[in-house]
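A.B. asks: Next come the chains, spelled out residue by residue.
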Amino acid sequence: MYNYPDSTGHFGQFGGIYMAETLIPAVEELRDAYLHFRDDAEFKAEFANELKHYVGRPSPIYHAKNWSDRLGGAQIYLKREDLNHTGAHKINNAMGQALLAKRMGKKRVIAETGAGMHGVATATVAARYGMECVVYMGAEDIQRQAPNVYRMKLLGATVVPVESGSKTLKDACNEAIRDWVTNVESTFYIFGTAAGPHPYPMMVRDFQCVIGNEARVQMPEMIGRQPDAVIACVGGGSNAIGIFHPYIEIEGVRLIGVEAGGHGIASGSHAAPLTSNSKVGVLHGNRVYLMQDENGQIIETHSISAGLDYPGVGPEHCWLKDTGRAEYVAINDDEAMRAFHDLCRFEGIIPALESSHALAHAAKIAPTMRKDQVLLVNLSGRGDKDINTVARLSGITL
Amino acid sequence: MSRIDQTFAALGQRKALIPFITAGDPSPEMTVPLMHALVASGADILELGVPFSDPMADGPTIQRASERALIKGVSLRSVLNMVAEFRQQNTTTPVVLMGYGNPIEAMGWDVFAQRCDEVGVDGVLTVDFPPEESHDAFAHLQRYNIAPIFLLAPTTTESRIQQVAKLARGYVYYVSLKGVTGAGNLDLSAIADKIPQLRQHISLPIGVGFGIRDAETALAVAKLCDGVVVGSRIVQAIEDSTEANVIANVSALVSGLKQAVEQA
Ligand SMILES: Cc1ncc(COP(=O)(O)O)c(C=O)c1O
Numbered sequence: 284m285y286n287y288p289d290s291t292g293h294f295g296q297f298g299g300i301y302m303a304e305t306l307i308p309a310v311e312e313l314r315d316a317y318l319h320f321r322d323d324a325e326f327k328a329e330f331a332n333e334l335k336h337y338v339g340r341p342s343p344i345y346h347a348k349n350w351s352d353r354l355g356g357a358q359i360y361l362k363r364e365d366l367n368h369t370g371a372h373k374i375n376n377a378m379g380q381a382l383l384a385k386r387m388g389k390k391r392v393i394a395e396t397g398a399g400m401h402g403v404a405t406a407t408v409a410a411r412y413g414m415e416c417v418v419y420m421g422a423e424d425i426q427r428q429a430p431n432v433y434r435m436k437l438l439g440a441t442v443v444p445v446e447s448g449s450k451t452l453k454d455a456c457n458e459a460i461r462d463w464v465t466n467v468e469s470t471f472y473i474f475g476t477a478a479g480p481h482p483y484p485m486m487v488r489d490f491q492c493v494i495g496n497e498a499r500v501q502m503p504e505m506i507g508r509q510p511d512a513v514i515a516c517v518g519g520g521s522n523a524i525g526i527f528h529p530y531i532e533i534e535g536v537r538l539i540g541v542e543a544g545g546h547g548i549a550s551g552s553h554a555a556p557l558t559s560n561s562k563v564g565v566l567h568g569n570r571v572y573l574m575q576d577e578n579g580q581i582i583e584t585h586s587i588s589a590g591l592d593y594p595g596v597g598p599e600h601c602w603l604k605d606t607g608r609a610e611y612v613a614i615n616d617d618e619a620m621r622a623f624h625d626l627c628r629f630e631g632i633i634p635a636l637e638s639s640h641a642l643a644h645a646a647k648i649a650p651t652m653r654k655d656q657v658l659l660v661n662l663s664g665r666g667d668k669d670i671n672t673v674a675r676l677s678g679i680t681l
Numbered sequence: 004m005s006r007i008d009q010t011f012a013a014l015g016q017r018k019a020l021i022p023f024i025t026a027g028d029p030s031p032e033m034t035v036p037l038m039h040a041l042v043a044s045g046a047d048i049l050e051l052g053v054p055f056s057d058p059m060a061d062g063p064t065i066q067r068a069s070e071r072a073l074i075k076g077v078s079l080r081s082v083l084n085m086v087a088e089f090r091q092q093n094t095t096t097p098v099v100l101m102g103y104g105n106p107i108e109a110m111g112w113d114v115f116a117q118r119c120d121e122v123g124v125d126g127v128l129t130v131d132f133p134p135e136e137s138h139d140a141f142a143h144l145q146r147y148n149i150a151p152i153f154l155l156a157p158t159t160t161e162s163r164i165q166q167v168a169k170l171a172r173g174y175v176y177y178v179s180l181k182g183v184t185g186a187g188n189l190d191l192s193a194i195a196d197k198i199p200q201l202r203q204h205i206s207l208p209i210g211v212g213f214g215i216r217d218a219e220t221a222l223a224v225a226k227l228c229d230g231v232v233v234g235s236r237i238v239q240a241i242e243d244s245t246e247a248n249v250i251a252n253v254s255a256l257v258s259g260l261k262q263a264v265e266q267a
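As you go down the protein sequences, you meet chains A and B in turn.
Take the first sequence: its position 32, counting from 1, is numbered 315 in my numbering, and each next residue is one higher.
Take the second sequence: its position 8, counting from 1, is numbered 11 in my numbering, and each next residue is one higher.
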């Protein structure tokens, strides 16, 4: 049976708790609290209730028939995480962690955000539970995801621009960790993806598994069987692990993670540590495949989508890659843009640029497959936040 | 006896002054001269920061120092070469490398430990490698008798203190506040409360650092422990200086700190 991580937070050689000493007691406290409450009937009931009545779950699965017909091969089904409250899968995890924070008596929550979706989700649950909320966001991401910055402010959060390093997601993580080490006793760090020190990769996965657990029931209801492949974009890897994990032990279902190929793997300007065969390294609390130079310095990444613009990837994806249970590919900026526009025009759905990477890979392989084969794509978020970026790339000022 | 042990033995009841600078800041050429100047001004042990692209435990001052060094192409390899150059003229002052694990991972701990031995590094402190994740790494250091220096924090529990007591060599570095390097919220009475708890389990000398910004605080902290680490304040002086006066400015600052620590 697949049973990872081990009790020390390792997935084979990956994962762990690579944190400064000041924070070790905090991650241990978090681990103990999570291990206690994940089996607590009252916690589980409250989480389920919030997901149903506040987030709006279960999210539907939609057969993108127009688009599938145009592509002329496999049928593409979309798991509609974009229909969740706040518009992405991020709220599943933010809600779970906020309920835990509440039980741990923490009145202040912090978060890092790239695309802003996790920041909005955290600001939302903080408003819902009356917690103080501070969100760290790279200055470059503040530019390209401006609508989300204002959403966070409307929700009462303080958004702190991060000017260091590449001014993107990894730097926002650094700054959030600096806040946490300073305010360790009062503050709960609501981490946004399935990475970081143990227990985050496990805990975030568990909260996101609602996606795959629903899909496992919904697909047989719709088509009488499970899909041939499940496809999801991979930034840190939370939406992907959330839909993959419940399928790991179901034979015959391919699991395909799609990284940000940026200007192409060969260009070096991308955010695809798995596809580009990056070396193993240590950053942000865990041992993972990591984009770095020969001296072990983290290199700047590039993706059109802020949410995928990160040099590492969660430890469980590293493990699934090594064991061969999941496959990882990359989709370039322009391919993602094409899928973005196609979904808008042929299905009436504006997808997030992150999710557009998963869509683009489905569009790539569907024509090579039979018409009775099925691809389930995790549509992890909606694209309203991206309209400025897309307009700019199309030469339009809004 | 290692250079670190010898240093503390020779100090006896006197307290060690342990300045920190980032290798390669303000420029790679200035590092070895600065190291010698620190020793001439009274440093007992040198902590040399290995620049890293993502210094999560550091405040803005040391972050900027790291950036300055990285822009000039400084790498772990070149830092080791700087230590080798320093050792041509100084064979007694201990040098401790302080930084993050990934540059060492990229070099390989076996190669790194061997190079440390060759160039005369005495101790290694990797901020983001707690004891739990350090066993394989530190086995390599042990082979060459290089001291793993561990951090202990205000939040560290009794059982973790015991764990560190078993693994640590040289000295133990107590982080005097909850926060990043250079923060200003140091609490003397909290330090005074914590040190006796550490001493119950730790027989090695205890250095205290993070947030020590002036002679007065250095003296107050020195009275409570065995060594005082001063980092951001010195790095700030480097940032505020020109290449022409940086040695003089840093020397004046460290001499002042030394005088204070000697009164403890
Ligand atoms: C809509 C959407 N999808 C995917 C991601 C990538 O994150 P992860 O890989 O954790 O799912 C983000 C991150 O911001 C996002 O906003």
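There may be inaccurate statements among the hints.
Calculated pairs, BS3-like style, for lysine-lysine (alpha carbon to alpha carbon, straight line, at most 30 Å) [claimed, not checked]:
hint : chain 1 : residue 1 : chain 2 : residue 2
1    : B       : Lys226    : B       : Lys169
2    : A       : Lys562    : B       : Lys261
3    : A       : Lys327    : A       : Lys390
4    : A       : Lys450    : B       : Lys75
5    : A       : Lys450    : A       : Lys327
Heads up, incomplete: computed chain A residues facing chain B, CB under 10 Å, no partners named [to be verified]:
hint : residue
6    : Ala309
7    : Pro444
8    : Glu497
9    : Asn560
Just so you know, the hints here were simulated from the structure itself, not pulled from any lab data.
Glycine included, each C-beta is placed from N, C-alpha and C at the ideal position.
A.B. asks: Look at each hint and say if it fits the structure.
C.D. replies: Here is how each hint holds up against the structure:
1. Lys226(B) x Lys169(B): Roughly 25 Å separates the two Cα atoms, so the pair holds.
2. Lys562(A) x Lys261(B): At roughly 44 Å apart (the allowed maximum being 30 Å), Lys261(B) and Lys562(A) break the hint.
3. Lys327(A) x Lys390(A): holds, 21 Å
4. Lys450(A) x Lys75(B): Between Lys450(A) and Lys75(B) the Cα gap is close to 20 Å, so the pair holds against 30 Å.
5. Lys450(A) x Lys327(A): violated, 37 Å
6. Ala309: Result: holds, 7 Å to nearest chain B Cβ.
7. Pro444: violated, 14 Å
8. Glu497: violated, 36 Å
9. Asn560: violated, 15 Å
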